[in-house]
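2 protein chains.
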Amino acid sequence: MKEDIDLTEHCISSATLAEGEMLTAKRDEVRLPDGSEGYREYVLHPGAVVIVPLLPNGNLVLEKQFRYPLHQTFIELPAGKIDPEEDVLLTGQRELLEETGYVASDWVKLGIQHPCIGYSNEVIHIYLATGLKAGQHALDDGEFLEVFDVGFDACLDMVQHGEITDSKTITALFLAEKYLANING
Amino acid sequence: MKEDIDLTEHCISSATLAEGEMLTAKRDEVRLPDGSEGYREYVLHPGAVVIVPLLPNGNLVLEKQFRYPLHQTFIELPAGKIDPEEDVLLTGQRELLEETGYVASDWVKLGIQHPCIGYSNEVIHIYLATGLKAGQHALDDGEFLEVFDVGFDACLDMVQHGEITDSKTITALFLAEKYLANING
Numbered sequence: 002m003k004e005d006i007d008l009t010e011h012c013i014s015s016a017t018l019a020e021g022e023m024l025t026a027k028r029d030e031v032r033l034p035d036g037s038e039g040y041r042e043y044v045l046h047p048g049a050v051v052i053v054p055l056l057p058n059g060n061l062v063l064e065k066q067f068r069y070p071l072h073q074t075f076i077e078l079p080a081g082k083i084d085p086e087e088d089v090l091l092t093g094q095r096e097l098l099e100e101t102g103y104v105a106s107d108w109v110k111l112g113i114q115h116p117c118i119g120y121s122n123e124v125i126h127i128y129l130a131t132g133l134k135a136g137q138h139a140l141d142d143g144e145f146l147e148v149f150d151v152g153f154d155a156c157l158d159m160v161q162h163g164e165i166t167d168s169k170t171i172t173a174l175f176l177a178e179k180y181l182a183n184i185n186g
Numbered sequence: 002m003k004e005d006i007d008l009t010e011h012c013i014s015s016a017t018l019a020e021g022e023m024l025t026a027k028r029d030e031v032r033l034p035d036g037s038e039g040y041r042e043y044v045l046h047p048g049a050v051v052i053v054p055l056l057p058n059g060n061l062v063l064e065k066q067f068r069y070p071l072h073q074t075f076i077e078l079p080a081g082k083i084d085p086e087e088d089v090l091l092t093g094q095r096e097l098l099e100e101t102g103y104v105a106s107d108w109v110k111l112g113i114q115h116p117c118i119g120y121s122n123e124v125i126h127i128y129l130a131t132g133l134k135a136g137q138h139a140l141d142d143g144e145f146l147e148v149f150d151v152g153f154d155a156c157l158d159m160v161q162h163g164e165i166t167d168s169k170t171i172t173a174l175f176l177a178e179k180y181l182a183n184i185n186g
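Protein chains in written order, with this note's numbering: chain Y, 2 to 186; chain S, 2 to 186.
These are computed hints drawn from the structure, not numbers from a lab. Heads up, some of the hints might be wrong.
It does not matter which identical chain is used: a pair holds within one copy or between any two.
[Unchecked claim] Below 30 angstroms or equal to it, Euclidean Cα-Cα: the simulated BS3-like pairs (lysine-lysine) are:
id: 1; residue 1: 179; residue 2: 65
id: 2; residue 1: 65; residue 2: 82
id: 3; residue 1: 110; residue 2: 65
id: 4; residue 1: 134; residue 2: 179
id: 5; residue 1: 110; residue 2: 179
id: 6; residue 1: 82; residue 2: 134
id: 7; residue 1: 110; residue 2: 134
Build out the structure end to end from the sequences listed, making use of the hints.
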């Protein structure tokens, strides 16, 4: 990699384009690396957690959920937004329980991913959850989903065959596959 | 997987929350699977293409780019938005040339990913590009980036070590790794 050049874009002024119930859209005037000015538009997001719940039999707990922006049902790992002031690990534990009914005894942070760096400040924290025990799930209002489980290799095949296209799910599977390959020698 | 239940959410009415130069934010009133009503807010996106440019020496062509929503420089694969009416493969060829200066003789579609299914309708098409020849790049106005290349395994390590966190880059590497492992036996 060659000598770093400064690619930083500096905020001149920031305006709110829209403030919805869930989405806030911003439009900032920025100074670009060559000294010229431009605009950047983006969405504010509180961050989220995605969980790779690995059952004792080696299967992963997945969900099937209708995603309105794409008018399509997706196969995803459990995930959810971080509540204000909430510890990230607690978000993971809360969402896993709420969405799937499972409680996990062991949590390993696998990393983070940024789903949409062009127009969102969202960061997604990725956890592997093992030592799963079934409990009682409790969905949020307006949340509808199906829970099922599939073998780990079958999940990887579903990515390769285009049955799983959700970015948080694919990146979490990527990191989990490498992590498990490392610890299993 | 148990018997499918209908998770579809139906549009009752659609409103534009904000219309920026780049972003359009929508707020739709929807009928939920249990018959109740709710709102869904999301961003419209024309779709994009991400390219895995594999050099004859086995290295991948990467970029370093400042992404304003996160005020951070990212390591990414070349990518860009689909122009109106543009064929997706042409988007890939155009963006690879504009951003990196490379022309590729062989293009294989590896699949698609959805970066942000909760609040964007964006779909990203993923291509592997080989038979690369250096040409002349030409960045868009307001676009600043550095181009460099790194070995394939080193790229995978950068994901594992959190140096690459961009979702389109990670999902494209995931699919390329599996594809190349299959064709190389």
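Now for the hints, and whether the structure bears them out:
no. : hint         : in the structure
1   : 179 with 65  : both (25 angstroms within a copy, 24 angstroms between copies)
2   : 65 with 82   : both (17 angstroms within a copy, 28 angstroms between copies)
3   : 110 with 65  : both (24 angstroms within a copy, 26 angstroms between copies)
4   : 134 with 179 : within (24 angstroms within a copy, 32 angstroms between copies)
5   : 110 with 179 : both (13 angstroms within a copy, 24 angstroms between copies)
6   : 82 with 134  : within (23 angstroms within a copy, 44 angstroms between copies)
7   : 110 with 134 : within (19 angstroms within a copy, 40 angstroms between copies)
In summary, the structure agrees with every hint in the numbered list given earlier.
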